[in-house]
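Novice: Letter by letter, the chains look like this.
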Amino acid sequence: MATLESFSCPLPKLYYDTVQLAHGSGGKLSAELIEAIFLPCFGNDTLNQLEDQATFAVPKGRMAFSTDTFVVNPIFFSGGNIGDLAVNGTVNDVAMSGATPKFLSIGFVLEEGLPIEELRQIVESIRYSAQQAGVNIVTGDTKVVEKGSCDKVFINTSGIGFIPPEINFGIAQIRPGDKIILSGSIADHGMAILTKRKGLSFQSGIKSDTAALNGLIATMMESEGTIHALRDPTRGGVATTLNEFAGQSGLGIRLQQETIPVNDAVRGACEILGIDPLYVANEGKLIAAVSEEHAELVLEAMRKHPLGTQAAIIGEVTNDHPKKVVMENAYGTERIIDMPIGEQLPRIC
Amino acid sequence: MKYIDEFRNPQAVKALVHEIKSISTQKWVIMEICGGQTHSIMKNGLHQLLDGVVELVHGPGCPVCVTPLELIDQAVEIASLPNVIFTSFGDMLRVPGSSKNLLEARSEGADVRMVYSPLEALKLAREHLDKEVVFFAVGFETTAPGNAMAIAQAKKEGLTNFSELISHVLVPPAMTALLSSETNRVQAYLAAGHVCAVMGWEEYEPIAAQFRVPIVVTGFEPLDLLKGILMTVQQLESGKHVVENAYPRAVARKGNQQAKALLQSVFQTIDRKWRGIGIIPQSGWALTPEFAAFDATLKFETGHIKTQEPKECISGEILQGIKKPNQCPAFGTLCTPEHPLGATMVSGEGACSAYFRYHKEV
Amino acid sequence: MCLAIPGKIVKIYTENGLRMGHVNYSGTISEACLEYVPEADMESYVIVHAGFAISVLDEEQARQSLETWDEVTDHLKKQGYTVENAPLTDKTKKD
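Residue numbers (my numbering), protein chains in the order written: chain A, 1 to 349; chain B, 1001 to 1362; chain C, 2001 to 2095.
A few of these clues could be false.
[As the list claims (entries may be wrong)] Straight-line C-alpha distance at most 25 Å; calculated DSS-like pairs for lysine-lysine: (1) K2008(C) <-> K1002(B); (2) K2008(C) <-> K196(A); (3) K2011(C) <-> K1123(B); (4) K2077(C) <-> K1021(B).
[Claimed, not checked] Label pairs and their calculated CB-CB ranges: (5) R235(A) <-> K1131(B): 29 to 39 Å; (6) T1183(B) <-> G177(A): 48 to 58 Å; (7) G26(A) <-> I2012(C): 53 to 63 Å; (8) Q121(A) <-> N1083(B): 15 to 25 Å; (9) L1129(B) <-> Q2061(C): 40 to 50 Å; (10) G2017(C) <-> Q1282(B): 46 to 56 Å; (11) L1081(B) <-> E343(A): 22 to 32 Å.
[To be verified] Negatives, chain A to chain C, calculated, CB over 10 Å: (12) Y16; (13) T55; (14) P59; (15) G140; (16) A172; (17) R197; (18) P261; (19) D264; (20) A265; (21) N329.
The hints are simulated quantities; they were obtained by calculation from the structure and are not laboratory data. Since this is a predicted model, take the numbers as computed values, not measurements. Quick reminder that beta carbons are idealized off the backbone N, C-alpha and C, glycines included.
Let the hints inform the model, and build the full structure from the sequences given.
Specialist: So this is what it looks like as C-alpha cells:
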C-alpha cells in the first residue's frame, strides 16, 4: 500500500503562520487559503471548476446521503486526527447502506489562531483518507470564528453514494436467528482519545481504529451471504448500536461476552478508569446482522480483509426478551446491556 | 492481564459456587460493604449464581453515594467563584446537588476539570499560581492517602493557592452503626479489600467480637468475592465470628504503615454526615489544625451551606441494607440514572444504579 | 469504592521530591506515586488507586490462592464433576 509520504501535496507557502479572521472573509486571504491549502490537496475535475456547487452525473437507482459533524479534543491523537475521522465517519455512514460512497462535501469552522501547519496536516489527512476510501471531495466551505468561539477546528462532511440494485440493508430486515457479526476489537478509538486527554497522565499504545469500511463492506457483499443490516458502532459503542437494532426491530439480541474482542492495552485502560468497553466509541468497526445460514460465509470473507481479521460472531437475534440486549458471560449468568446514560466518565470508585 | 484474568476463571468460579452451596444449611445474609464489590457482583452475576444460598446486601461503601448533598452544594458554590479551578474525580461530576451538579456549573461558566489523581490537581496549582485550585477530596480510607499526600506536598512546596474540599468517610464506624440499628439483618460482612490494603484489619476485630459477626477481608474479582463469601459461610455455619483475610495478595494485617503515618498527621477523626443515613459519630476525617490553611470550607467560607435531602429518596434505607432498590416507589420511575433523585442512582457502583443496569428483569 | 488494579512498575523516578513510577497495565502505562510502597522495585506488581500505589502485590500469596482453587477443582473432579479448565497455577507461570 502507498505510504502517506509518497502522496504529499506540493503546498505553496502562506504568508501567515496562524489562521486569521480574514481567512474566512471571502476576500483575498480566503482565496489564498483555498489555493495554498485546499485545492492542492483536494483538487479534482469537479472541485477545480470552483463553482458554487458540484455537479455530477448519477446512475439509475437509489442513492445514500449522510452528514456528520466532527468535534474532537484533542484534534490529533494516536492513529489519526480530526481530518481522518471526518472522512471515514461519513464514508462509513454512507457505506452502511450498502452504497458505494462517491462524493464528499467538507465544511470547516476554524478558530482564529489555529496554526496553519496543523491545518495543513489535517487537510493532508483528509486527502489521504479520501483517496484510500475512493471518494472525491467535490464541494467545500471554510469559516473562521473568533478565538474562543470554537475549539481549534470543527469539520462537517456530507457524503453521497450509489446503492447497487437489489441491495436493501436496514434494521427492518433483521430476523430472529440472524447472527451478529462484529468486525474487530472494540473501544480503541474512544480509549485512544480518553487516555490522551489533558489531566489524565497516561501513555498508552492505544491507537484509534479510524478507517473507511466501504472496502470491507464490498468484500462482505461479494461473499454473497445475505446481509440484513449494517451499522458502525461509533458514539455510545457496541452497546448503543445493538440497542438500536433491538429497539427498532422489536426483537431481542443475545450476546456472548467472551466472543467480543478487546485489545489488551484497551482492556488495561478500561480497568484502570472503570469504563465498560461496550459503551466506548469505535471509528473503524461495523456490526452486521447476517442470516444464520450465511454467517460463516460472510465471516470468512471479512477475516480475509485487513480491517476484518479479528471479526467474530458475537451473538444472535432472538424472539426472547424483545427490544432488549442481554449478554451472557462465561459464568453462565446474564445481564442486560442498556443504552448508556451519558458519556462515561473515568471513576475511582 | 496478569493477576486479573486468573481471578476470573469461569471453571474455578463454578467450583467455588458449588463449594459454597454444599456447605450452606440455610440462607445467610451477608453485606458487602464496598460499592466496587457490589459492582463486580452485579456485573458478573454472582448474585444469580448464589441465589437461594446467600443473600448479598449492598452496603454504604460508595463515596459518591454517601457524600452529603450539602457538600455537593458547597462544591458547586466554590466551583462557580471567579478565579477558581475546581478539580474532581470523574465520579462526582454528575452527582446532583440541590439545584445543579458540577457539570451544569461548568456549562454555566465554572472552570471544572476532571482529574484522575490528586497530584494532577496539585500540578494545576503549580501551573496557575494566580488562581485558586480546589480538589474535591471524597472517598474512604483507600483514597485518603493520595488526598493527604497532595496536602502535605502543597504545604512543603508552599503552594498556598491549593486546597481540598474534604468529605472523607470511614468504614468501621459505619459498620458499627449498621449493626447497632434495630432493623439490622446483616449476619456477616465482607470487608472492603482496598480499604484494608491501607488500614489493615485490626480495627475490625473489636466489631466482630462485640456483635458476634464474621468479617472477611475480600477482594474484587469474581474468585476473590466467592472466596470471601465461602470463608464467611464457613464461619457462619460453624458459629465463629472472627476477622479473616481472603485477599492476602494485597492486604497485610497492619495495612500500609507509610500511608497510615501520613494520614495520622494530616487528618483527625470527626463526626460526619452520610447522605441518606445522617450523622455517624467519629466516622470521618478532617484536616488537623496544622493543615487548616488547605481546607476549602474554611478558605471559601462555605460551611454555612446546609441542605435537606429529597423526601422521595430512600437511599438511606438502601445503604443500610433495609430495603432493595426495586422496593423503592421512585425506582425506575421518578428516579433513573438520567434523572437521579439520590446518589445511589448516580454512581456506577451505587446500589440503585447497579440494579437499574444489571438487575432489571431479563 | 476504590477501584484499584495491579500493574507492573516499569520506571521509577523522582518528581517534586516524590517517588514516582510508571505502571504498565498490559500496554497502557500510567503514572503512579510510589511514596507509600518504598519496598516496591522495578518489575514489582503494585495495586494502584487514583494515582497512588497502595500495596505491593504479594506474588507468593497470589500463587497460593490459585493453588487453593486448583485443589477445589481437583476435589470436584474426583467427585465426578466435569471441570474443563487447565490448572490456574500453570497459567500464571507463562507470563
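Novice: A separate judgement is required for each hint: does it hold in the structure or not?
Specialist: Cross-check of the supplied hints:
1. With a C-alpha separation of about 9 Å, the suggested pair K2008(C) and K1002(B) falls inside the 25 Å cut-off, and the hint holds.
2. Simply put, K2008(C) and K196(A) have alpha-carbon atoms about 21 Å apart, close enough for the 25 Å limit, and the pair holds.
3. For the hint pairing K2011(C) with K1123(B), the CA-to-CA distance comes to about 20 Å; that is within 25 Å, so the pair holds.
4. Under the criterion of a C-alpha separation no larger than 25 Å, the hint pairing K2077(C) with K1021(B) is consistent with the structure, at around 17 Å.
5. Hint check: R235(A) to K1131(B), Cβ distance near 33 Å, so the stated range 29 to 39 Å holds.
6. At about 50 Å, the beta-carbon gap between T1183(B) and G177(A) stays in the expected band of 48 to 58 Å.
7. A hinted range of 53 to 63 Å for the beta carbons of G26(A) and I2012(C) is consistent with their spacing of about 57 Å.
8. For Q121(A) paired with N1083(B), a C-beta distance near 36 Å fails the hint of 15 to 25 Å.
9. The hint said 40 to 50 Å for the Cβ distance between L1129(B) and Q2061(C), and at roughly 46 Å that hint holds.
10. About 33 Å separates the C-beta atoms of G2017(C) and Q1282(B), a value inconsistent with the hinted range of 46 to 56 Å.
11. Taken as a hint, the range 22 to 32 Å holds for the pair L1081(B) and E343(A), whose Cβ atoms sit roughly 26 Å apart.
12. The beta carbon of Y16(A) sits about 38 Å from the closest Cβ of chain C, which is more than 10 Å, so the claim that it is off the interface holds.
13. Separation of T55(A) from chain C is adequate, the least Cβ-Cβ distance of about 49 Å exceeding the 10 Å criterion.
14. Distance check for P59(A) against chain C: the nearest CB is about 46 Å away, which clears 10 Å, and the non-interface claim stands.
15. At roughly 38 Å, the least C-beta separation between G140(A) and chain C is larger than 10 Å, which holds for a residue marked as non-interface.
16. Under the 10 Å C-beta cut-off, the non-interface status given to A172(A) relative to chain C holds; the minimum distance is some 40 Å.
17. Against the 10 Å criterion, R197(A) stays outside the reach of chain C, whose nearest CB is about 13 Å from its own CB.
18. Distance to chain C confirms P261(A) as a non-interface residue, since its nearest Cβ pair spans about 14 Å, more than 10 Å.
19. Listed as a non-interface residue, D264(A) fails to keep its Cβ farther than 10 Å from every Cβ of chain C; the least gap is roughly 4 Å.
20. Look at A265(A): its CB is around 3 Å from the nearest CB on chain C, not clear of 10 Å, so calling it non-interface is violated.
21. The Cβ of N329(A) sits about 15 Å from the closest Cβ of chain C, beyond the 10 Å cut-off, so the non-interface label holds.
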